[in-house]
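Asks: Hints in hand, dock the two standalone chains.
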Amino acid sequence: DTGVSQDPRHKITKRGQNVTFRCDPISEHNRLYWYRQTLGQGPEFLTYFQNEAQLEKSRLLSDRFSAERPKGSFSTLEIQRTEQGDSAMYLCASSLAGYSNQPQHFGDGTRLSIL
Amino acid sequence: AQSVTQLGSHVSVSEGALVLLRCNYSSSVPPYLFWYVQYPNQGLQLLLKYTTGATLVKGINGFEAEFKKSETSFHLTKPSAHMSDAAEYFCAVSRRGTSYGKLTFGQGTILTVHP
Numbered sequence: 006d007t008g009v010s011q012d013p014r015h016k017i018t019k020r021g022q023n024v025t026f027r028c029d030p031i032s033e034h035n036r037l038y039w040y041r042q043t044l045g046q047g048p049e050f051l052t053y054f055q056n057e058a059q060l061e062k063s064r065l066l067s068d069r070f071s072a073e074r075p076k077g078s079f080s081t082l083e084i085q086r087t088e089q090g091d092s093a094m095y096l097c098a099s100s101l102a103g104y105s106n107q108p109q110h111f112g113d114g115t116r117l118s119i120l
Numbered sequence: 006a007q008s009v010t011q012l013g014s015h016v017s018v019s020e021g022a023l024v025l026l027r028c029n030y031s032s033s034v035p036p037y038l039f040w041y042v043q044y045p046n047q048g049l050q051l052l053l054k055y056t057t058g059a060t061l062v063k064g065i066n067g068f069e070a071e072f073k074k075s076e077t078s079f080h081l082t083k084p085s086a087h088m089s090d091a092a093e094y095f096c097a098v099s100r101r102g103t104s105y106g107k108l109t110f111g112q113g114t115i116l117t118v119h120p
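The listed protein sequences correspond, in order, to chains A and B.
Position one of the first sequence corresponds to residue 6 (this note's numbering), numbered consecutively onward.
Position one of the second sequence corresponds to residue 6 (this note's numbering), numbered consecutively onward.
Chain B with its partners taken away, still in its complex shape (with noise of 0.2 Å):
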């Protein structure tokens, strides 16, 4: 079975930091990947995806990923944190392989940004 942890249920940084969040999964075979936003009481959008090929990915506002194998990991960053980033970020698998796309999701963070 496939799991995901998300290390640190509430990350906070000051405007203009650094934006890290953390994700590691389990899987028998490595999964495909996604990072989703959710704002308060909305539903969940797409920040990224790694599927295949160059391991680091760029998503949407300035976000990206990288797909370390060895590590099991596809950590969330972007260089400089905005107020508008301020939600839950959860991060997501899916069996590779397979025609079923159902996603299994981490417990996710919330971002809280300082101004």
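Chain A extracted, bound-state conformation (with noise of 0.2 Å):
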């Protein structure tokens, strides 16, 4: 077990600069999510995918945005033309299938700044 993985730890870019994130779960879990956390806040839930379906989104993923997980093994999370907003972090976690009471596991996230 050697966690989730994310890359990079830290991206800086300018405004309307398009930014992908990637992250590996652990291998055996097939479900898969994304959180972003500004500073002060708890993790806000962005979009799940169970294999490689993507089975729920928020209303936060605005048009901008954009979540694959090809094979169902990596996942990428997309922000198209950056705002400054998007400035966050952004948390990936994997579990097992089954029902919702499998714990999470976080990986160390990606932290976007936009200039």
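Take the hints with a grain of salt, since some may be wrong.
Simulated DEER-style distance windows between Cβ atoms [as the list claims (entries may be wrong)]:
hint	chain 1	residue 1	chain 2	residue 2	range
1	B	L25	A	G77	39 to 45 Å
2	B	Q47	A	K76	24 to 30 Å
3	A	E33	B	T60	28 to 34 Å
4	A	Q89	B	P45	33 to 39 Å
5	B	E71	A	R27	35 to 41 Å
6	A	P13	B	E69	35 to 41 Å
7	B	Y44	A	K76	31 to 37 Å
8	A	K62	B	T10	39 to 45 Å
Pulled a few chain A residues facing chain B out of the computed Cβ check, cut under 7 Å [unchecked claim]:
hint	residue
9	Q46
10	G47
11	P48
12	F50
13	Y53
14	G90
15	S92
16	A93
17	L96
18	S100
19	Q107
20	F111
21	D113
None of these hints come from the bench; they were simulated from the model.
This one's a predicted model, so the numbers in the text were calculated from it and none came from an experiment.
The C-beta atom is built at its ideal place from N, Cα and C for all residues, glycine as well.
Replies: If you want it as structure tokens, here you go:
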């Protein structure tokens, strides 16, 4: 169990640029979640995959955001035309299938700063 | 909709003193309940969870929490604080009886431990 891995750990970009983050879940976990955490707040749910299927998206996920999980393994989160308000920590988590009592294991996050 | 309220955004204790972090939830059906800890620039680590059965649950690092349905609470305690407990703590819930596992978090409580 190597844990959930996220890359990069930090990303600094100019407003209007596109960015992409990657998450590698724990290998046997078929559920993968993305959350966003702003300073002083708890994480907020963005989207959820079971295997390769994206099953739920939050209203927080505007049309500038897109997430994929090809082949049900790693996932990417892309933000197009970044805005100042996108500055946050983006957290990825994974869990086993089953009911919603399965604990989620979090990566260390990608911190995005928009200049 | 579910919501989580953590009373006190900052709690300060002396080393060796009791730690009490408060969490109340709002949900039409008692949810699954979780406590996570977050150290600076890191992801979240699961401390403990309540799903069913005994309402007093023990977690890692000497923490425990008690589910009180009548009070809609899930407060986190530790009998004796250690300097290494200084971190931010998040209470979270997920909807019971579904296959969706998305978590709804409270705003977090920063715990400071004084020598």
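Asks: Could you run down the list of hints and mark each one as holding or not?
Replies: So, going through the hints one by one against the coordinates:
Here the CB-CB span from B:L25 to A:G77 is close to 42 Å, well matched to the stated 39 to 45 Å. Evaluation of the 24 to 30 Å hint for B:Q47 and A:K76 yields a pass: the beta carbon distance comes to about 28 Å. Here the CB-CB span from A:E33 to B:T60 is close to 30 Å, well matched to the stated 28 to 34 Å. Distance hint check for A:Q89 and B:P45: the Cβ-Cβ separation is about 23 Å, which falls outside the suggested range of 33 to 39 Å.
A beta carbon spacing of about 39 Å between B:E71 and A:R27 agrees with the range 35 to 41 Å that was offered as a hint. In this structure the supplied range 35 to 41 Å holds for A:P13 paired with B:E69, their Cβ-Cβ distance being about 37 Å. Take B:Y44 and A:K76: their Cβ atoms lie about 33 Å apart, and the range 31 to 37 Å holds. Look at A:K62 against B:T10: about 26 Å separates their beta carbons, and that is not inside 39 to 45 Å.
With its C-beta approaching chain B no nearer than about 6 Å, A:Q46 sits inside the 7 Å limit, and its interface hint holds. Checking A:G47 against chain B: minimum C-beta separation of about 3 Å stays under 7 Å; hint holds. The beta carbon of A:P48 comes within 5 Å of a beta carbon in chain B, closer than 7 Å, and the hint placing it at the interface holds. Taking 7 Å as the C-beta contact cut-off toward chain B, the hint placing A:F50 at the interface holds, the least distance being around 4 Å.
Because the smallest distance between the Cβ of A:Y53 and any Cβ of chain B comes to about 6 Å, under 7 Å, the interface hint for this residue holds. Interface restraint check: A:G90 against chain B, minimum CB-CB distance 18 Å, threshold 7 Å, status violated. At a threshold of 7 Å, the smallest CB-CB gap from A:S92 to chain B is about 15 Å, leaving the interface hint violated. Taking 7 Å as the C-beta contact cut-off toward chain B, the hint placing A:A93 at the interface is violated, the least distance being around 14 Å.
Using the Cβ-Cβ criterion of 7 Å, the hint placing A:L96 at the interface with chain B is satisfied: the shortest such distance is roughly 6 Å. Interface hint status for A:S100: upheld, as the beta-carbon distance to the closest one in chain B is roughly 6 Å, under 7 Å. Look at A:Q107: its Cβ gets to within about 6 Å of chain B, closer than 7 Å, so that hint holds up. Nearest Cβ of chain B to the Cβ of A:F111: about 4 Å, under the 7 Å cut. The hint holds.
For A:D113, the suggested interface contact is upheld, since its CB lies about 5 Å from the closest CB of chain B, less than 7 Å.
When each numbered hint is compared with the structure, violations occur for hints 4, 8, 14, 15 and 16.
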